Amino acid sequence: MNQQVDPEHRQSALPRLERAAHEMPVLGGIADRYRSDLPLRNERIALCGHITEATAIQVRTLRALGAEIAWCASSTSTTDDAVRETMMDEVALVSGSRGMSPKAMQKGVEQVLSHFSAGPSLILDEGARLLRALHQNGDGAESVKLAAEKTPEGIHALQSMILKVPVLMSDLSIGKRLVDNPHGTAQSLLDTIAAVTRGLFAGKTLLVCGYGRVGTGIAAKARGLGLRVLVAETRPTRALIATLNGFEVLPLVEALQQAQIVLTVTGSGPVVGGEHFALLRHDVLLVNGGHLPNEIDVAALRATAEEYPIAPGLRGYRLGSGKCIQVMADGNIANLSVGSGNPNEVMDMTFASQVMALVLGRNAGLGPGLHALPDASEAAIARMIAESLGIDTAELV
Amino acid sequence: MSDELATSGHVALARAAADMPVLSAIGEEFRGTAPLAGARIAGCLHLTKETGVLIRLLRNAGADIAWTGGDEVSTQDDVAAALRSEGITIFGHRGMTTAQVNAEIMRTLGSHAAGPTIIIDNGARLIRAVLDAPEAYRKLRFATEKTTEGCAELRLRAQDQTIPLPILLVNDVVTKWEVDNTYGTGQSTLDGILRATGKLIAGKTFCVCGYGHVGRGVAMRAAGQGARVIICCRSTATAIRATLDGFQVLPLAQAIGRADILCTATGRPGIVKAEHLAAAKDGIVLCNTGHSVTEIDVAALQALATESVAETELIQRYTLGEARQVRLIGRGGLVNLAAATGNPSEVMDVTFANQALSVLSAAAAVKLSPGLHEVPQDQDESVALRKLTAMGIRCDTSKEQRRNAA
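So the protein lines, in turn, are chains A and B.
Heads up, the first sequence is in my numbering, so the first residue is 11 and it goes up one at a time.
Heads up, the second sequence is in my numbering, so the first residue is 19 and it goes up one at a time.
Derived from the structure by calculation, the hints contain no laboratory data.
Some hints here could point you the wrong way.
To be verified - List time: in silico EDC-like cross-link candidates among lysine to aspartate or glutamate, alpha-carbon distance up to 20 Å:
1. A:K231 <-> B:D263
2. B:K217 <-> B:D300
3. B:K291 <-> A:E405
What you are looking at is a predicted structure, and each value in this text was computed from that prediction instead of being measured.
I would like the entire structure built from these sequences, with the hints used as guidance.
Structure, rendered in structure tokens:
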């Protein structure tokens, strides 16, 4: 891939990465603990992930443990170009740029898989992009000892495949479940909406589509900000919990008629589409917080409405009726695409789980298929997370 | 006297049934048939008016029933009298010693001459006796267990011993551990503390030991009423969760010196020990909403006290040392059952709907393999949808979900 490297800007992200490292003490602790043992010496890691400050610190940690890395973007819209340029000094391959085409992104996936002449020995995946390509290629899986996938969408895709390698479901890590989803993603999505729209939250009506780990966090925080929160959910158990938490649960088509902000966080496919647009309120804001850009059918909107720019990260669509619909980040995951993403201190915990799982799980002799994270690594990570939060774990009884 | 009691019990049962639409609807579904005909049930589960509604449903399904509450303080004597007047065998009364509770449990287990065919358990009290002497209970087809602690114990036993009968773990479902534990017990615990003490919660330092489903519910509600909440727990993951929910996490030895109210909700024995009591803040109110009476070491409290006074029927005041006062609600038993009326009927509706559906489907099964069985996810979703519908809440559901709940 032809990546433009501007020497003057090449190291422009260094001060930001320094700050990020400071905000990521769990990864820092792992690096310190294993720096002299080099447990990942001779490991060749193929990594697919957002090219951000936080992933850069994960990459540096893996390198400090002795690994070689080839890294490609997991999304077309989230690359921090300055981080990519800075990291090109540190790893042999970083592929991805903000606004790249899906085709270019896929090319990056192939480049990463073919980067090591002996093939990758470990895979850190996001959205199962590397693992899908690896399995479609027919060969090349022999070199892989262990892989990890960190999104529910990716795990869902892997469940329907006949896997040739062991894959750790790092989506279920303690950091993701307890911190990243309910607090990190929830906070950063609301933060992104405030930053991009510069609107007032108090008194507005927010519809949260999906009351899973992320949606639960969003609803709770949104209430604290003075929003009136509606919830649309298809699982009765989750709808019941939302109700008992005091939120108004409604069928989607009814809730859409009331909402001023619609936030989709189902992680499971199309939510707002064709027949819904006519129901929406004038000037409604549609935001997707799910990993894949398929929760809001922006293509359908584009096909029927006149598009106009509103602000960076925000586009308007005028329907024939004169009604206007605002869409953030073209329906891509908003906090990573037009906001500053999850706080680094949150990604610290998520990424640390993966690194620790690779260190402790790579020689565990796991068979092909999906596996939970090793208990030992999760327990170690829980202690490190607690300590980073200032909890004295020695005193817990 | 017993007529009066029974009359009061009938009124309580009718009121509970009205607040339990999901369970009542399940009863309506088999009306006119007897899906549990020939079944002999031994039950051990807090004998409240809501349990009474479940017992009646099982009786209406054709089962022959022997039941005990299995708890020192939670039995509602009027409900027991009402059920007895309907010919149902009920053992025990409110205000038993632990030895009496255990004796009534064994009487319940031995009540059916031919032995029970179904056990409905709470805390594995009956199941433990069966596992210790399985050859004596050959007619037993299956058992159900509905507490976190009981399920944990059975899982542990299953690791190094063969479980000779099918046991349904009716606990690890969203509709139980979130709805019942977090919202039901969370509310009724605060209710019990308020009824027993009449204290203002706002501005108090409120310590919760344990931050599981129950502890989280108590903490959320105490914070909502304006208390400053401190959490004591042993699991690192739990400590992280509590911290990120905005609560201070401290070791019990420190927290007890700051707490105006301390509530245990761990499900484990021996949490508040002598060394903690010695450090307790003057004027502290102690109570327990965990599984049993053993979370607070009451014997140690009595041993430390220079004076012990029953302030009210519910509150025992102990003086430690010169002048430090410690108040204990309900002798360390379950505060929501001892000082309030337990979980709201509307909550137990969901818990017992799961229980009833589990018993009915297991009884209908041709063969159940020995060992531990989880509640199927679709039963959980079905109960949740029935409850939402009863509450007048509509949500988007698949055709399949609606069919399951129909």
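A quick look at each hint next to the structure:
For the given pair, A:K231 sits about 11 Å from B:D263 by alpha-carbon distance, which is consistent with the 20 Å threshold. For the hint linking B:K217 to B:D300, the alpha-carbon distance of about 15 Å falls within 20 Å, and the restraint holds. A threshold of 20 Å between alpha carbons decides the hint, and for B:K291 with A:E405 the separation of about 16 Å falls inside it, so the pair holds.
This entry satisfies every hint, going by the numbered hints stated previously.
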